[in-house]
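Numbering (our numbering), first residue to last: 26 to 534.
Some clues are possibly wrong.
[As the list claims (entries may be wrong)] The calculated label-pair distances, taken between Cβ atoms and stated as ranges, are: (1) E344 - E286: 20 to 28 Å; (2) L75 - T141: 22 to 30 Å; (3) T47 - T85: 52 to 60 Å; (4) E237 - G166: 55 to 63 Å.
Just so you know, the hints here were simulated from the structure itself, not pulled from any lab data. None of these values were measured; they are calculated from a predicted model. Ideal Cβ positions, reconstructed from N, Cα and C, are used throughout, including at glycine.
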Amino acid sequence: MTPPPSGRRRFARLRDWWAGTTLVSRLVGIVTVLLAVGLVLAGAISAALLEGTLVGQVDTKLQTEGEDLATSTVNSLSRGFGSSMTPSDYYVRLEVGAVDEETISPSTADRYGTPTVPELTTAQLEAREGEPFTVDSTRPGSTWRAVAYPIYRGDGTPAGSIVVALPLGDIERTVRHMSLVLLLSGLGIVLFGAAAGTWAVRRSLKPLREIEVTAAAIADGDLSQRVPAAAEHTEVGRLGAALNGMLAQIEKAFGAQSASEARMRRFVADASHELRTPLATIRGYGELYRMGALTTTDQVDDTLRRIEQSATRMGALVEDLLALARLDEGRPMRTGPVDLTVLAADAVSDLHALDPARATRLVPLEEGARGGPCVVVGEESRLRQVLANLVGNAVQHTPPGTPVEIAVGLLPSGEGAIEVRDHGPGIDPEHAARVFERFYRVDASRGRDSGGAGLGMAIVAAIVAAHDGSVRLSQTPGGGTTVRVTLPVPVTSLRSEDYHGGFLPSDEG
26 MTPPPSGRRR FARLRDWWAG TTLVSRLVGI VTVLLAVGLV LAGAISAALL
76 EGTLVGQVDT KLQTEGEDLA TSTVNSLSRG FGSSMTPSDY YVRLEVGAVD
126 EETISPSTAD RYGTPTVPEL TTAQLEAREG EPFTVDSTRP GSTWRAVAYP
176 IYRGDGTPAG SIVVALPLGD IERTVRHMSL VLLLSGLGIV LFGAAAGTWA
226 VRRSLKPLRE IEVTAAAIAD GDLSQRVPAA AEHTEVGRLG AALNGMLAQI
276 EKAFGAQSAS EARMRRFVAD ASHELRTPLA TIRGYGELYR MGALTTTDQV
326 DDTLRRIEQS ATRMGALVED LLALARLDEG RPMRTGPVDL TVLAADAVSD
376 LHALDPARAT RLVPLEEGAR GGPCVVVGEE SRLRQVLANL VGNAVQHTPP
426 GTPVEIAVGL LPSGEGAIEV RDHGPGIDPE HAARVFERFY RVDASRGRDS
476 GGAGLGMAIV AAIVAAHDGS VRLSQTPGGG TTVRVTLPVP VTSLRSEDYH
526 GGFLPSDEG
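Hey, can you work out the whole structure from these sequences and the hints?
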């Protein structure tokens, strides 16, 4: 493979060097180069304009003087030539017949030399009559500006020619002096511009350095860091606002992930702890049977009954865990219109059949409210599970015979509500905020055989949240616990006369 040309290699090295420079260096370098190029162009144009203006003035003088001399007659030129007709610094060359004379002051000749004017034919003189042209000088480095005119006799025939010239040395020195002044002033402007540009760019990019520091702190694990706010109408301000929004989302996501991992670890630990007891019971009774410690039929029957109870308890726990897992996955529900009044009436009937000695009633949310349906949108089976868990919790944690009331109705906000009220010992305020946590028991001393695994209220909260509702626990007036579930109601089902209503006649056992 042939190596790349040297020019391409140099360009590649230059490109690599440029890519390795800082943003400040790039911006300052670009600004400095543009400023230098602009000043060079401005200086060159200024020098050219000045030179053109000064040369134009010389051309005007030459044309005026040349025309005056050319219009003179041969005799007047012969009489006056060499005296007052030759202004200072002017060079005049007259060719008339055999006469070929040139006039120039000695001081001018010493300073600028004499112009080397070429021999011109009559046709050339007529072609460039009055047109200025530049010629060299006998002194190196000096030039002259000249005009040439033909001279005619009185009858109009050509008699000769006259050349008038002025030195351009003063103009050239003026242009060189001004160019030097422009160069030095431009160099100073470029240096000052580079210094000012460096300061301005660094000051403008200070927010970017702050963003860099913030990003480094975030990389070290401090997600609470934020980019300092800047003016929103600037690019840096908009960038900072966008980064702060992104950082807030990242912090929120990491916080949610950490909380989820903590809940999962706690959930697994609690589930393992809950399963340990029935598994230990089954294993223990199995070892007793294998060792021949069960000698009578009654002992075997009792052991099998205990094993069956433990297996049933494990099955219920696994079902609850699966229900929570499905709710956590956010699976879509088969929703439809559900009348909370019908669900509440069924729950009252079921509880009355299971515990006839317990007084159970269906009541309105508030006294004097009118009856009627209370329709919400949800999955009926899950809402029935919510009501079953609440009623079961009330029965389990209150003494036998304690009244239970189920209230249904519409709230002034347009939401449907269902309450399960008991008149038992109630729940202490320090426990009320945690009853919806998984595996939480209000009575820690309660045996696992007599109480649940602490998942019933957690399932209630998860199902209600999946329906975009809310659940709240409060004290029942006169003593006891009230759990209110609030669910959104379709707009089409609302009627102003239904507020605080929606219940069937009471069924008291």
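Going through the hints against the structure:
For the pair E344 and E286, the beta carbons lie near 25 Å from each other, so the given range of 20 to 28 Å is met. Remark: the range hint 22 to 30 Å for L75 to T141 is upheld by a beta-carbon distance near 26 Å. Against the hinted window of 52 to 60 Å, the Cβ-Cβ separation of T47 and T85 comes to about 56 Å, which satisfies the hint. Taken as a hint, the range 55 to 63 Å holds for the pair E237 and G166, whose Cβ atoms sit roughly 59 Å apart.
Checked against the numbered hints above, the structure breaks none of them.
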